[in-house]
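Enquirer: Residue numbers (UniProt numbering): 1 to 403.
Simulated from the structure, these hints should not be mistaken for laboratory data. Where is the CB? At the ideal position from N, CA and C, for every residue including glycine. Incorrect hints may appear among the rest.
Said to hold, decoys possible - Restraint ranges, calculated between C-beta atoms of paired labels, are given here:
#, residue 1, residue 2, range
1, R382, L108, 23 to 31 Å
2, A284, V366, 23 to 31 Å
3, Y201, Y27, 40 to 48 Å
4, F208, R314, 37 to 45 Å
5, R383, I14, 46 to 54 Å
6, L108, D213, 33 to 41 Å
7, A306, L219, 24 to 32 Å
8, V142, I377, 37 to 45 Å
9, I14, L290, 51 to 59 Å
10, Y201, A306, 16 to 24 Å
Stated by the list, open to error - Quick list of in silico lysine to aspartate or glutamate cross-link-like pairs, EDC-like style, CA-CA up to 20 Å:
#, residue 1, residue 2
11, K86, E75
12, K134, E75
13, K134, D267
14, K216, D256
15, K86, E55
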Amino acid sequence: MHPAVLLIELGAIILGLGLLGRIAGRYGFSPIPLYLLAGLAFGHGGLLPLDASEEFVSIGAEIGVILLLLMLGLEYTASDLVTNLKTQFPAGAVDFVLNAVPGAVAALLLGWGPVAAVVLAGVTWISSSGVIAKVLSDLGRVGNRETPVVLSVLVLEDLSMAVYLPILTALLAGAGLLTGSITLVIALGAAATVLVLALRYGRLISQFVSSDDPEKLLLVVFGLTLLVAGIAQQLQVSAAVGAFLVGIALSGEVADGAHTLLSPLRDLFAGVFFVFFGLSTDPASIPPVLIPALLLAVVTVITKIATGYWAARRAGIGERGRWRAGGTLVARGEFSIVIAGIAVTAGIQPDLGPLATAYVLILVIVGPLTARYVEPIARRLRRSRPPAAATEAPVEASTSSEG
């Protein structure tokens, strides 16, 4: 393929991402569904397949996953991880049971087997931190009493990736029991080692990486992340796990500086990743899984609302705040697609990618609506019901007078 054609296709893709992002920003919703739809439109089976740029987009998509997980790790320190796992474990356990189990059950009912069940459990379990953060800001709820509860659930979901991704990687390796167990032990051992090193020597690690020159800091952090991700991939641990652990290991000013410098790169390559996921999904494969995706979306909307309601009630939040917390947690997005993408790359169940695409498209649109309207609807329904005490009081009074 002529280099000019490659440049034209890449330019069109990146320009298209920018225009779609502007449209989404103009109307106040996440650009993720537009990126996925663009990928579907220009992938195999779409309106105009893009062939010249396919290899570059594939590599760019892998870098997008690595940067998404790196930036997630930069949000937290090792001590944050340990503290949140201890204090928020009950809410995290309820969240896992209510939202991961429906995905696993759906995969088993569809006859996809236990490995696909673990994948789909992750897809339905993890809420979209990016979409939810924007919704909280748009609705002016950042300072609400229930917001720390919402953030705690999101943080615990994010941190659970340190355990979930190694397990998923070991299962997707498709090896025998012994080899799979070794892979899992290596992955969990690496995670534990990084946590211990970060807790004890985090400051020294950050000093080693630190630089007053933004260019040098960017190159060192980005290069280190790609290096560790590649080594992790070579050890069958998953590049995403390696990138996440690099983020956890960095802290303080280094983490803040790296976050600022890498954010534009993350946004670019994450957009490429969502487009690539759409490109690799044949639009004709979505209609057969649309009904299962819709049913799964309905079930997990209810379970996420229940999760937020329970967590907020446990924290002593009032009735209205409980409903707001539940409605806010509904959106799924970037990490559901990341999990599905890892599985699709490994060649697991072919219908998994289309179902995950349809599922995320539904909930990334429904999520902001539930955040806004669940609490008012619950309040109106409560007002429309006659109070139990009021209906029973006359009966009790007449009974006593008759006696």
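Enquirer: Let me make sure I understand: some of the numbered hints might not hold for this structure. Which ones are they, in numerical order?
Expert: 1, 6, 7, 8, 9, 10 and 15
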